[in-house]
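Asks: All chains, full assembly: derive it from the sequences and hints.
Residue numbers (my numbering), protein chains in the order written: chain A, 1 to 204; chain B, 1 to 204.
Source of the hints: derived by calculation from the structure; they are not laboratory data.
Check the hints yourself; a few may be wrong.
Since the list gives no way to pick one copy over another, a pair counts as held whenever it fits inside one copy or between any two copies.
To be verified - In the DMTMM-like style, the derived pairs of lysine to aspartate or glutamate whose C-alpha atoms are separated by at most 20 Å in a straight line are:
| # | residue 1 | residue 2 |
| --- | --- | --- |
| 1 | K32 | E104 |
| 2 | K57 | D87 |
| 3 | K198 | D164 |
| 4 | K23 | E173 |
| 5 | K132 | E104 |
| 6 | K198 | E130 |
| 7 | K32 | E173 |
| 8 | K23 | E95 |
| 9 | K198 | E168 |
| 10 | K198 | D161 |
| 11 | K57 | E130 |
| 12 | K198 | D170 |
| 13 | K112 | E60 |
| 14 | K57 | E90 |
| 15 | K198 | E158 |
| 16 | K70 | D53 |
| 17 | K154 | D191 |
| 18 | K43 | E27 |
| 19 | K154 | D144 |
| 20 | K198 | E155 |
| 21 | K69 | D87 |
Protein chains: 2
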Amino acid sequence: MIERGLLIVLSGPSGVGKGTVRKALFEQEDIKLQYSISATTRKPREGEVDGVDYFFKPREEFERMIENKKLLEWAEYVGNYYGTPVDYVEQTLSEGKDVFLEIEVQGALQVKEAFPEGLFIFLAPPSLSELKSRIVNRGTETEDLINNRMRVAKEEIELMDAYDYVVENDKVENACARIRAIVTAEHCRRDRISARYKRMLEVE
Amino acid sequence: MIERGLLIVLSGPSGVGKGTVRKALFEQEDIKLQYSISATTRKPREGEVDGVDYFFKPREEFERMIENKKLLEWAEYVGNYYGTPVDYVEQTLSEGKDVFLEIEVQGALQVKEAFPEGLFIFLAPPSLSELKSRIVNRGTETEDLINNRMRVAKEEIELMDAYDYVVENDKVENACARIRAIVTAEHCRRDRISARYKRMLEVE
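Replies: Pasting the structure below:
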């Protein structure tokens, strides 16, 4: 019998470095996570493959998926829909693979509602001043926008209580090591595996 | 403010390799666990230092500690008492150090009663037949004793539900890596650290 995989949701305030951590994690050779493939209504770009980069869907079909609750979360962004298809996630978990989803805080809260047994990891800045300097160092935003982002970040940190774990992103490699440790530890949780051992006692 | 340390209790059936795993863990250079020092009424052997190898106690004092609930667990073995002093554990935890205790199943259940907020890790054999061959390979026991040990081991595996985690001891290095991952993950648990982040939001 295959042990069902875990759904791991990495989230955190904008600017904290979610994308960087996710990228570093998937560059590690021995990583065994399956990156969650999103559905979208936007057109494929050159070289993008359906079912690999995205599941490309006509707008009508996406809206039917929303209606039929076939998305763990979804959002509209610059006129296109993006979302996480339930069926794909369920199928992958039932193959015993851990699915990894990196997502904004609002999306993570949607996933939590649809899939409370997921593993919710909040990526946190070492401090607010550090977060501010990361946002400022992108160099793309005006002071007003920066202040607005900081206000949103504070609100998002207040939402930390919905998460199972908080990983400090002091250094990308430390954050990756902590996330991997959390996944390993969760697979050792007694409530997940004691049934397997009890079966062992019965058959031997 | 120092984050309080964790009490980590490693236990499991006799023959599963608790001592071997503990030894390998403490041979790792970057390990940051504090091995729990036991109190005992047995006489110090040559080279043993009070407060390092054991806390050596007169019998009367040990019995007073039992009465005053100053031991997380205790047992009598070949005419001597052995036990884990509460005060030493509390002091070490309050210094922010994680305390590691390797102990028989019955002792672990005593600790659980006195200190339910501990982290209880059950070291499990890959299979019952593997456990049996480990016990047989010690080469010191008669068939009756071996069968008796297997009976006890099965009873102990049934007690797994009192633990937080189950670590399979397929290979010592794998078991060590899993234990370290569990300790790292537990330090990232949101309920342990969200208060720290909320303070951060207030002061900055």
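Asks: 20 Å Cα cut-off: does K57 pair with E90 within a copy, between copies, both or neither?
Replies: Answer is within: at 19 Å inside a copy they meet the 20 Å cutoff, but 58 Å across does not.
Asks: With 20 Å as the alpha-carbon cut-off, assign the pair K112 and E60 to within, between, both or neither.
Replies: Answer is neither: 26 Å inside a copy and 56 Å across each miss the 20 Å cutoff.
Asks: Classify it for me, K198 with E155: is the Cα-Cα distance of at most 20 Å met within a copy, between copies, both or neither?
Replies: Between copies, since 11 Å is at most 20 Å while 45 Å is not.
Asks: State whether the alpha carbon distance between K198 and E168 is at most 20 Å within one copy, between copies, both, or neither.
Replies: The answer is between: 14 Å across copies meets 20 Å, while 37 Å in one copy does not.
Asks: Give the relationship of K154 and D144 under a CA distance limit of 20 Å: within one copy only, between copies only, both, or neither.
Replies: within (16 Å within a copy, 65 Å between copies)
Asks: Which holds for K43 with E27 at a C-alpha limit of 20 Å: within a copy, between copies, both or neither?
Replies: neither (27 Å within a copy, 56 Å between copies)
Asks: Since the copies are identical, ignore which copy is meant and state whether K198 and D161 lie within 20 Å (CA to CA) inside a copy, between copies, both or neither.
Replies: Between copies, since 10 Å is at most 20 Å while 34 Å is not.
Asks: Which holds for K23 with E173 at a C-alpha limit of 20 Å: within a copy, between copies, both or neither?
Replies: within (11 Å within a copy, 28 Å between copies)
Asks: First find the shortest C-alpha distance between K32 and E173 inside one copy, then the shortest across copies, and answer within, between, both or neither for a cut-off of 20 Å.
Replies: both (17 Å within a copy, 19 Å between copies)
Asks: My question is about K132 and E104: at a cut-off of 20 Å on alpha-carbon distance, are they close within one copy, between copies, both, or neither?
Replies: Close inside one copy (18 Å), not across copies (50 Å); limit 20 Å.
Asks: Within a copy, between copies, both or neither: which one fits K23 and E95 at a CA-CA cutoff of 20 Å?
Replies: neither (24 Å within a copy, 36 Å between copies)
Asks: If the cutoff is 20 Å on CA atoms, where do K32 and E104 land: within, between, both or neither? Let me know, please.
Replies: Answer is neither; intra-copy 23 Å and inter-copy 34 Å both fail.
Of the numbered hints given earlier, the model fails hints 1, 8, 11, 13, 18; all others are met.
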